[in-house]
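Fit chain B to the supplied structure of chain A, relying on the hints for placement.
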Amino acid sequence: MEFSEFIQTPKVEDAFLEVENGTVPVTACLTGHHLILYSHNGENKEYWILHKNVDSVEKRYSVEKNLLVLKCKDFTQHQITIPTADDATNIANSIETLSSLNNPALQYPFFHRPKFTFDEDGYDLFCTEHRFASLSKMSDQWRISNINLHFSVCNSYPSQVIVPKDISNEMIVKSAKFRYGGRFPILSYLHTNGRVVMRCGQPLTGQNQKRCKEDEKLINIVLGSTHRGYILDTRTTQAALQARSKGGGFETEFNYPQWRKFHNSLQKYSIQQESFVRIVEACQDRNASSDRWQSKLESSNWLSHVKDVLSAACLVAQCVDREGASVLVHGSEGTDSTLLVTSLTQVILDPYCRTIRGFLCLIDMEWVQAGHPFADRCFHGAQSNQRTRSEGPTFTLFLDCVHQLLQQFPLSFEFSALLLIHLHRHAYASGFGTFLCNNEMERRKFKVRTKTVSLWSYLLSVNVLPMFLNPLYQTRPGVIWPSVAPQSLKLWDGLFLKDIDPSPEVQRIVSESISYMEDLQNQISELTKEISLLEREEETTSPLLQNGQNQAIDCQNSA
Amino acid sequence: MPECIELTPMDNSKSPESTQKANTMVESTLTTKSDGVPLYPGEVVCVALLKDVTYLCPYMGALTGRLVVTNYKLYFYQGTTEQYTRCIVEVPLCTISRIEKVGGVTTSSRNPDGRNPYGLEMFCKDIRVLRFVMRQENRQRKTIHDKLQELSFPASNKLPFFACLFKEEYAEDKNGWTTYSAKTEYQRLGMPIEGWRYTKHNSKYELCDTYPHLLVVPAAASDDDLKQVAQFRSRGRIPVLSWIHPESQATITRCAQPLVGISGKKSRDDERYIQLILDANPHAHKLLIFDARPQANAVANVARGGGYEKADVYTSSELFFCDIHNIHVMRESLRKLQDACLLAHPNDDKHWLSNLEQTQWLHHSKVILAAATRIADRIESGKASVLVHCSDGWDRTAQLTSLSMIMLDSYYRTLEGFMVLIEKEWLSFGHKFAQRIGHGDKNHSDSERSPVFLQFIDCVWQITQQFPTAFEFNEQFLILILDHLYSCLYGTFLYNSERERKKEDLRKKTKSLWSLVMSLRDDYLNALYVSAYQNHVLLPIAAVRHLDFWAGYYARWNPKMKMQEPIQERHKELLKIRDHLRKKVEELERQLAAKQNASSPALTIPQDAAALSV
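Protein chains in written order, with the working numbering: chain A, 93 to 651; chain B, 3 to 616.
No wet-lab data here; the hints were simulated from the structure. Source: prediction; values computed, not measured. Think of the CB as a built atom: it goes at the ideal place given N, C-alpha and C, for glycine as much as any other residue. A hint or two may mislead.
Claimed, not checked - Pulled from the structure, derived: some chain A residues nowhere near chain B, Cβ distances all over 12 Å:
{"id": "1", "residue": "181"}
{"id": "2", "residue": "242"}
{"id": "3", "residue": "266"}
{"id": "4", "residue": "354"}
{"id": "5", "residue": "539"}
Unchecked claim - One-sided and incomplete, this derived list gives chain A residues near chain B with beta-carbon spacing under 8 Å:
{"id": "6", "residue": "386"}
{"id": "7", "residue": "387"}
{"id": "8", "residue": "390"}
{"id": "9", "residue": "396"}
{"id": "10", "residue": "503"}
{"id": "11", "residue": "575"}
{"id": "12", "residue": "597"}
{"id": "13", "residue": "615"}
{"id": "14", "residue": "619"}
Unchecked claim - DSS-like mimics (lysine-lysine), calculated; alpha carbons at most 30 Å apart, straight line:
{"id": "15", "chain 1": "B", "residue 1": "352", "chain 2": "A", "residue 2": "360"}
{"id": "16", "chain 1": "B", "residue 1": "160", "chain 2": "B", "residue 2": "144"}
{"id": "17", "chain 1": "A", "residue 1": "163", "chain 2": "A", "residue 2": "590"}
{"id": "18", "chain 1": "A", "residue 1": "537", "chain 2": "A", "residue 2": "360"}
{"id": "19", "chain 1": "A", "residue 1": "621", "chain 2": "B", "residue 2": "578"}
{"id": "20", "chain 1": "A", "residue 1": "621", "chain 2": "B", "residue 2": "585"}
{"id": "21", "chain 1": "B", "residue 1": "338", "chain 2": "A", "residue 2": "582"}
{"id": "22", "chain 1": "A", "residue 1": "621", "chain 2": "B", "residue 2": "586"}
{"id": "23", "chain 1": "B", "residue 1": "352", "chain 2": "A", "residue 2": "353"}
{"id": "24", "chain 1": "A", "residue 1": "590", "chain 2": "B", "residue 2": "352"}
{"id": "25", "chain 1": "A", "residue 1": "353", "chain 2": "B", "residue 2": "562"}
{"id": "26", "chain 1": "B", "residue 1": "202", "chain 2": "B", "residue 2": "434"}
{"id": "27", "chain 1": "A", "residue 1": "590", "chain 2": "B", "residue 2": "574"}
Bound-form chain A, shown alone:
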């Protein structure tokens, strides 16, 4: 297939791009992945708009001009005036088609050859083996299982997973058959006190309330004979009951006597998507009178999702850290709400996840490798007219929750909010392969590892990394307990209301101030060196100085 099939008007002269203070004349060129605008106003600037980033193209034609408004998934917006209506329509159609190509092999990362140099390949950075190596220092109860090497047990799990040491592969296979999507319970997080967070898909008990001895054994073995654990079902009791009629279900007290179960009420990704659409609509609608702003914000329910997710994560963290109990988390599929809760729990509990490397590792392990279907969930953004039913802002919701934590604990995170904004953008449209496809199996099929570059390689490269550092960061051990009071949760301005976000400026000032202090520090050491050098010289030339008497020097000078 050739991209040119979709491009009727490859080039338009005399177009205009609206910028902050007026318009600039541009030449617009369409390629397979970009709309490129070359400005003629002497600056010779180029604007590259990635098709995949365009969420919707709005055609506003009038007698005076044919305006295309490109609304992007990162909430930027571009307004381009095209001389003829035909060309405008052609361009709009091309962008719409090219931005929603389904085939992963046609995505930009496969064509993108980044120019930066990197020391580490992001695809090699975070793997189950590394993780296992570090956690085996804390506990010898676990092992790596290769049972899923060919993705035959669970097609959304990675090839290697960490499971209890004493559980055989046969038992795992049986348990997988009992769990939705084959997502048998695996280790998500090992806390310093030895307690763990595990995650899985819902048990397939169905109406008949089937049980699976192997599954029970698999999770009971984590507790040993004495401890009790908790199962957090992210759905409401009602929803969990309803799931039975579709073959799903939940763990009954009777079959899992060592576990105490509680239900949470995290909404499904489709409901979250509705909120996402509403909040973006409210934020993007700059002309509307702002009188009903707070009501709009509230009725979008976005912040209440944030609150629910944070509360659920706090609950799990409390069980683990305060009560010293292990927790098993699942919803229905175990690929969305489940991951939200387990990953946030780790940010709360584990200081390593608040470093930049630890955070990327967390995203890699708990989202990318854990089989969060990025391709499906982030296919369209919040402003598209052609939504599919599998879309959801789960990952963005996670980033928002982390942002709330960052706001409340401004000294505990090594990275700044800018990193979160970039992650949002790359999850939806990127030149890097990290967020391509829905799971490891698909990525293997399309050879993502070898044919694309990892986002982590880019973010961790020497020239890029400093951009995302939080200058105020101090290594702080321990757990951070966030407040989920409604007054503590704030709309994420930097993401949703881009036009006014002073935080980059603040960050710049603080970094400048800190580097100025480093300069001073250097000056001090140089001056000290010079002084001691002089002192030594003087020692050799004038032994009198040792007494530290200035008059002696004066005498010598005058002499």
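Chain B alone, transformed into the frame defined by chain A:
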């Protein structure tokens, strides 16, 4: 003033060190301690209930401890030994606006949980509601209640404010009463300036008793003219200079409404005077008059003898209505905000945002900021001169002039400049602090009370949020001002006008709040301040979506709302390290230079450290 130092189970933020730090800070300003109660010089314990008192904290439930009433504050704390006390509630008595006896047989109101504890309930001006429960025997409650009634309302009881008993000593060079001198401030603005002159006509407050003694008026207006104009302006508040643009000579002037009345009176003198203000600005063709009120209110005022400048009479001016509501609307809005903050109902959590919206508080802030931004913009980019008034010219007018001055002039964004601004636009121009706050007055439902000044400080905070690097002072400074707006510990905000304050001889009898600020200057500095932005005019976006609820002030009594990590402390620490390093560099350079001079005087002196400053 800590409400609850105690932590909720979900809160691990307060490490032992930080609590300790807070304690030492208190000790630095408080000299003596009586039975574990820190006291200011001049403060004495009046009543102490050492047991069987319970504080019903709205956030943490019942806490038992000791209740002490001094001549300055109510203090509730826990602990038995002097080393081991923990303050739970500290509230200056003048901050209390209403004290009620609750429980027992006398009242029928019952708590939601069905119990009806016997005790006292206090409503505070800083939006706290405090409930104490005590034993019915021994007439404990009566003793406390009577003492509180007496000491909380000194003005009603013909007693002196504690400010007059407060014996703190501040260093000579930290005397806050010298912060502001009208003359110095006008000189800073460039006086003498062509077209303007000083007048001492009000030195005995005869022209206008709510204006300061020194005024700047158009040079072409004679003192007789001023008298005539004063006849036509409400309460004699004639248009006078507040601020002048250093380059374009565009001005902000302020006054009260013209006394047009139903008969449609005119004043030739007033019209000519307005023309003179316009003439003093070589760039302007029209004087822009910003009437802070909604048009309907301005019209309604005509019936009461007031009015506004009609276009056919004031041909050389253009009139805009800013739509800012009156003190009663604002008072009601704050009352609703107070309710919303309490989150009393279980459903309030879910409806916090729409409840906040219903208070209209942010909407009012938006309207005020929008008008001030418009004024600043017209002056800066349109080189126009602006006259601001409302009805009396001491509430909304002060909000608008001072906010636009902050936007236009970076001096007012410094710590000293902001104190000067408050001294000038609010205190000297007669914002009726005593009435609006009700200092020491027991009439809590007085309809003259209104949070006009709070709203101004809130708006300033909003601007600092949009421009976090443009202000030399920090949030703590704004909160400090508000706390002492109510506390009556300092004389600064007492009484209604410069005349009254002079008559009461406050400079001699009381300390200025600015003395405290100057003594603890470092605590109120913004580490993010970039002085390089001096020439920037700030034009904040006045849209509700860009305004925030000031949780750091309104929700600060909720321990869950405490800043989880001390970013202020960290900023301060960074500033300290920076200063220390700078000094060290300078010192070493001096040493080096001395040594180099000593050994070979021909060597060049290393570059100055100051050249590197950020």
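Hints that the structure is at odds with (numbers, increasing): none
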